[in-house]
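**Student:** Spelled out, the chains give:
2 protein chains.
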Amino acid sequence: MRVSFIGSGNTATQLALALYKKGIRVSQVISASIENATILAQKVNAQAGDKLSGFNAEKTDILLLATTDDKTPKIGAEITDQNRVIVAHTSGSVNMDVLELHKKHGVFYPFLSMQKNIEANFSHTPFLIEGNDEQTVSALKNLAEILSDNIVPANSQQRQMLHLAAIFANNFVNNQLAIAEDILAKNNLSFDLLRPLLADYFAKLQHRLPHELQTGPAVRDDKATIEHHLNILHSFPDYQNIYRLLTNSIQRKAE
Amino acid sequence: MRVSFIGSGNTATQLALALYKKGIRVSQVISASIENATILAQKVNAQAGDKLSGFNAEKTDILLLATTDDKTPKIGAEITDQNRVIVAHTSGSVNMDVLELHKKHGVFYPFLSMQKNIEANFSHTPFLIEGNDEQTVSALKNLAEILSDNIVPANSQQRQMLHLAAIFANNFVNNQLAIAEDILAKNNLSFDLLRPLLADYFAKLQHRLPHELQTGPAVRDDKATIEHHLNILHSFPDYQNIYRLLTNSIQRKAE
Numbered sequence: 092m093r094v095s096f097i098g099s100g101n102t103a104t105q106l107a108l109a110l111y112k113k114g115i116r117v118s119q120v121i122s123a124s125i126e127n128a129t130i131l132a133q134k135v136n137a138q139a140g141d142k143l144s145g146f147n148a149e150k151t152d153i154l155l156l157a158t159t160d161d162k163t164p165k166i167g168a169e170i171t172d173q174n175r176v177i178v179a180h181t182s183g184s185v186n187m188d189v190l191e192l193h194k195k196h197g198v199f200y201p202f203l204s205m206q207k208n209i210e211a212n213f214s215h216t217p218f219l220i221e222g223n224d225e226q227t228v229s230a231l232k233n234l235a236e237i238l239s240d241n242i243v244p245a246n247s248q249q250r251q252m253l254h255l256a257a258i259f260a261n262n263f264v265n266n267q268l269a270i271a272e273d274i275l276a277k278n279n280l281s282f283d284l285l286r287p288l289l290a291d292y293f294a295k296l297q298h299r300l301p302h303e304l305q306t307g308p309a310v311r312d313d314k315a316t317i318e319h320h321l322n323i324l325h326s327f328p329d330y331q332n333i334y335r336l337l338t339n340s341i342q343r344k345a346e
Numbered sequence: 092m093r094v095s096f097i098g099s100g101n102t103a104t105q106l107a108l109a110l111y112k113k114g115i116r117v118s119q120v121i122s123a124s125i126e127n128a129t130i131l132a133q134k135v136n137a138q139a140g141d142k143l144s145g146f147n148a149e150k151t152d153i154l155l156l157a158t159t160d161d162k163t164p165k166i167g168a169e170i171t172d173q174n175r176v177i178v179a180h181t182s183g184s185v186n187m188d189v190l191e192l193h194k195k196h197g198v199f200y201p202f203l204s205m206q207k208n209i210e211a212n213f214s215h216t217p218f219l220i221e222g223n224d225e226q227t228v229s230a231l232k233n234l235a236e237i238l239s240d241n242i243v244p245a246n247s248q249q250r251q252m253l254h255l256a257a258i259f260a261n262n263f264v265n266n267q268l269a270i271a272e273d274i275l276a277k278n279n280l281s282f283d284l285l286r287p288l289l290a291d292y293f294a295k296l297q298h299r300l301p302h303e304l305q306t307g308p309a310v311r312d313d314k315a316t317i318e319h320h321l322n323i324l325h326s327f328p329d330y331q332n333i334y335r336l337l338t339n340s341i342q343r344k345a346e
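In order, the protein sequence lines correspond to chains A and B.
The numbering of the first sequence is my numbering, which starts it at 92 and goes up by one.
The numbering of the second sequence is my numbering, which starts it at 92 and goes up by one.
If you're looking for bench data, these hints aren't it; they were derived computationally from the structure.
There could be a bad hint or two in this list.
One copy or two, either will do: identical chains are not told apart, so a pair holds if it fits within one copy or between any two.
Listed next, the in silico SDA-like pairs over lysine to any residue satisfying Cα-Cα at most 20 Å (straight line) [to be verified]: (1) Lys-295 - Ser-204; (2) Lys-344 - Leu-300; (3) Lys-344 - Asn-212; (4) Lys-344 - Thr-306; (5) Lys-134 - Leu-296; (6) Lys-194 - Gln-297; (7) Lys-113 - Arg-311; (8) Lys-314 - Gly-183; (9) Lys-344 - Asn-332.
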């Protein structure tokens, strides 16, 4: 199995390094920046390039497009693979069919937040796999199984919904904690005060589902406390709006 | 040091058990329900009662009011302590001065979510302590130090703000995860898919602050992805509103 990459960012870097470590041949790394392509190519003993026309379909079995979401359709359309290669992108939110010009096309999406300089551990990372025919799905699954024990066949809608769910589970969770941090800081209190409570919550979350763990004034319909909190938030109108909307959301779920 | 309790709920139960284990004499447990008072009193070798008039100020140094927030002011006003006793409540959101009829009064607030039947571990629990004079603060601190290494002097406003911050950090965090769970379930995907991402995030949070950890389309102002997410949320208007409001909140923080 020989793999090539378009892109040299976080995803391309971590996938190429991990595959190379497992003994997979990485043939080419093509990126708009020849410097970045070269840095990655040298690490995985591949050929670097900065032109899509330099892609050599004879030296690759699977081509992974690890570019930004907005560029993926255009690059997918420009690549010529002479119907020899499986062309797959690595994006959470791009439809598979932007690659439909290619006889064998699919998606190879590692569901993990990656950074260039922090080695990713893919051992249990969900890899969402999609392909336009069974043979393609099977080849992409085999590649993912080299890295992870957590392979998930999923269509484009499911993949997009997982990506969206992660916005709530990660970005919006962090936003709520940042608000808590800000409220504490403005009252000369340390965020560390919340750490025991958070540790306790995340221990519970290990073997329970969020819908079983809702506590607080909203779910027990404690109107006096809710009213009191809205009052003391009068100097933070943004937080007051969020408090009101999320309290309503919790109450609607509890109905 | 002798302690008595008004209340026999989660907080009274866990505090009484923990103090009793540490060798503190628990004199009385008074609760509107004589059954509940008796269950707890038997566990800590105390006298049970169901009348506030049965409180014996000669047998107690510190009386802890561990009742629901709405009842605390009334019970505080009805208790007669002959100016002998420190009367403190254990609530996060009730002002200390609802107890001002008592010569020595204060607050003894363990910042932990407690349940009746799960033994609380107070070792590192923040105890927020307040008192109307130095001697009272000192006595309540000494009592808290028997249970925890994390004593935090805090006035009533700080305590209320911590309680409010915890709504964001716990109740609203859980709500965001419950939304993610719901979006996944409606697309036949398991919440387990999010667990590696969550574990990764909470590992980072151990030694960083939330405002340093914000990622996602909102903070990088990725308008195309935000628009796409709002579109695919058209069938979940509640979640669409939350997505919009929290995206704005993240962007205002980033300004």
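**Student:** Are the hints correct? Go through all of them and say.
**Tutor:** Now for the hints, and whether the structure bears them out:
no. : hint              : in the structure
1   : Lys-295 - Ser-204 : between (23 Å within a copy, 12 Å between copies)
2   : Lys-344 - Leu-300 : within (14 Å within a copy, 30 Å between copies)
3   : Lys-344 - Asn-212 : neither (36 Å within a copy, 31 Å between copies)
4   : Lys-344 - Thr-306 : within (12 Å within a copy, 27 Å between copies)
5   : Lys-134 - Leu-296 : neither (39 Å within a copy, 30 Å between copies)
6   : Lys-194 - Gln-297 : neither (42 Å within a copy, 47 Å between copies)
7   : Lys-113 - Arg-311 : neither (52 Å within a copy, 33 Å between copies)
8   : Lys-314 - Gly-183 : between (41 Å within a copy, 16 Å between copies)
9   : Lys-344 - Asn-332 : both (18 Å within a copy, 15 Å between copies)
Checked against the numbered hints given earlier, this structure breaks hints 3, 5, 6 and 7; the rest are met.
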